[in-house]
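On the provided structure of chain F, position chain C as indicated by the hints.
There are 2 protein chains.
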Amino acid sequence: MPYGSRRRSAHIVMADTGWPGCVRSLKGVILDLCGVLYDSGEGDGVAIPGAIEAVKRLKESDLQLRFCTNETQATRKNFVAKLQRLGFDISVSEVFPPAPAAIAVLKQRGLRPHLLVHDGLLPEFDAVDKTNPNCVIVGDAAENFSYQNLNEAFRVLIGLERPVLFSLGQGRYYKETDGLKLDVGVYMKALEYACDLKAEVIGKPSPTFFQSVLNDMGLKPNEALMIGDDLVNDVGGAQYCGMKGVQVRTGKYR
Amino acid sequence: MPYGSRRRSAHIVMADTGWPGCVRSLKGVILDLCGVLYDSGEGDGVAIPGAIEAVKRLKESDLQLRFCTNETQATRKNFVAKLQRLGFDISVSEVFPPAPAAIAVLKQRGLRPHLLVHDGLLPEFDAVDKTNPNCVIVGDAAENFSYQNLNEAFRVLIGLERPVLFSLGQGRYYKETDGLKLDVGVYMKALEYACDLKAEVIGKPSPTFFQSVLNDMGLKPNEALMIGDDLVNDVGGAQYCGMKGVQVRTGKYR
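Residue numbers (numbering that gives the first Met the number 0), protein chains in the order written: chain F, 0 to 253; chain C, 0 to 253.
Isolated chain F (complex conformation) (with noise of 0.2 Å):
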């Protein structure tokens, strides 16, 4: 199949080389969710023509499948509920945000956070120990990100004697129904900035957050393709942990 059709057909971009290399090897696809398979907005959004089948039919193959998103506006039990009434087949354990990353990480070196972040999202924090912080997170807080909010937050930094600040992912606005949105990364430099510090990045494009998934799925980088709509954060993330990527040619896409 000449490339120019299959680019039409698939609305795909190949951001690299070796792709026949690739088919043989793969064994698993990981899928960005926003601008993949939905586009954002009122209510739950509206889901992709052909992205519902899609889904289908790679779980009816033998490649394994997972769902990796820097949503952070709800829980994940909230997102998921979200994608099954959009008409998805996910679960729960196929999904992999960062806010249950975080908390991992959080419970790994007993830090306690200062919460800087989308109501929707405080739930998934409910269990961990907020007290007396020795962190900060900041995530998609959208609406939250009040001057006295983002000064609580830098407040609680620059009063510790070694300030660490995770932001959960890293974008720099994204695109919803009514406009562009700023997203989590531009507050994320407003802190590093405030602070003079460097935010540690939990979600994509972070490796750590892309081996978790291959872990999940026990396969090697090579073995695996991540698809997005993002070239820096889903495309350039997958490339440098030796995954494949491919960019698709909705959501961000310009």
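No lab work stands behind these hints, which were simulated from the structure alone. Treat the hints loosely; a few may be bogus.
For identical chains, the list gives no copy identity; a pair is met inside one copy or between any two copies.
With a cut-off of at most 20 Å between alpha-carbon atoms, the simulated SDA-like pairs for lysine to any residue come out as follows [claimed, not checked]:
1) Lys180 / Gly34
2) Lys251 / Asp177
3) Lys180 / Ser145
4) Lys180 / Glu160
5) Lys174 / Leu159
6) Lys180 / Tyr146
7) Lys219 / Ser24
8) Lys180 / Leu196
9) Lys76 / Leu57
Chain C alone, transformed into the frame defined by chain F:
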């Protein structure tokens, strides 16, 4: 006089060598305001002990005197009125804040701004054409730095073919009576990252800004001394222009 005793009596830290030579050629002094002459806070804030008398003595000397500030929460007129209420003999023509410099730049380059600034600064831009904006100006907007307002400034910038962002200063934070507050530089960095661009700073430490004060005095850089509490924006900025710079031990000095 030994260095130690001078340091204690004048409460300044020499930030450069060559002081004796500088004193011989000195014809003008530029003073920062907040943290040097007064501390900001509730109401008008408070004059720093000895500062009113120091300004009086400088005015009685044969040195020229100007005031150079990154204050952008009020118009120059209202800001100077506050200083006068605090007891300082300072007039509008002696004070150089970023906003009037920004208005000159807009005029020179035919730019119409979208403003993300403090309500108190808005009247300064009353006579400026703000229709169909082709640049963004960000100042110390404080509580006006809501998610919605920052997102609006971002959408203006990202929608421009040649986006131009002016930042009135680049400070990280400042101290008020009730604690540290995020400054304009933090939001400048946020917009820089969101739009992948570099802001043009108007105010300290911009060499153009310092030069405009020197021009007003008719002095060469080596004939002037800058006194401030910010090592980067006051002292470093002045030294970069060829002036002498000293840091006081009041204000944000730590």
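Hints, one by one, checked against the model:
For the identical chains of this complex, lysine 180 and glycine 34 are intra-copy neighbours only, at 14 Å inside a copy versus 37 Å across copies, given an alpha-carbon limit of 20 Å. In this assembly of identical chains, lysine 251 and aspartate 177 lie within 20 Å of each other by CA distance solely inside one copy; the values are 14 Å within and 42 Å between copies. Within a single copy, lysine 180 and serine 145 get their C-alpha atoms as close as 15 Å, and across copies as close as 13 Å, so both meet the 20 Å cut-off. Within a single copy, lysine 180 and glutamate 160 get their C-alpha atoms only as close as 34 Å, which misses the 20 Å cut-off; across copies the closest is 19 Å, which meets it.
Taking CA atoms no more than 20 Å apart as the test, lysine 174 paired with leucine 159 passes between copies only; the shortest distance there is 17 Å, against 35 Å inside one copy. Taking the closest pair of Cα atoms, lysine 180 and tyrosine 146 come within 20 Å of each other both inside a single copy (17 Å) and across two copies (9 Å). Taking CA atoms no more than 20 Å apart as the test, lysine 219 paired with serine 24 passes inside one copy only; the shortest distance there is 10 Å, against 71 Å between copies. In the homo-oligomer, the alpha carbons of lysine 180 and leucine 196 lie at most 20 Å apart only across protomers (17 Å), although the nearest pairing inside one protomer, at 25 Å, exceeds that limit.
In this homomeric assembly, lysine 76 and leucine 57 never come within 20 Å of each other (Cα to Cα): the closest approach is 22 Å inside a single copy and 68 Å across copies.
Of the numbered hints listed earlier, the single one contradicted by the structure is hint 9.
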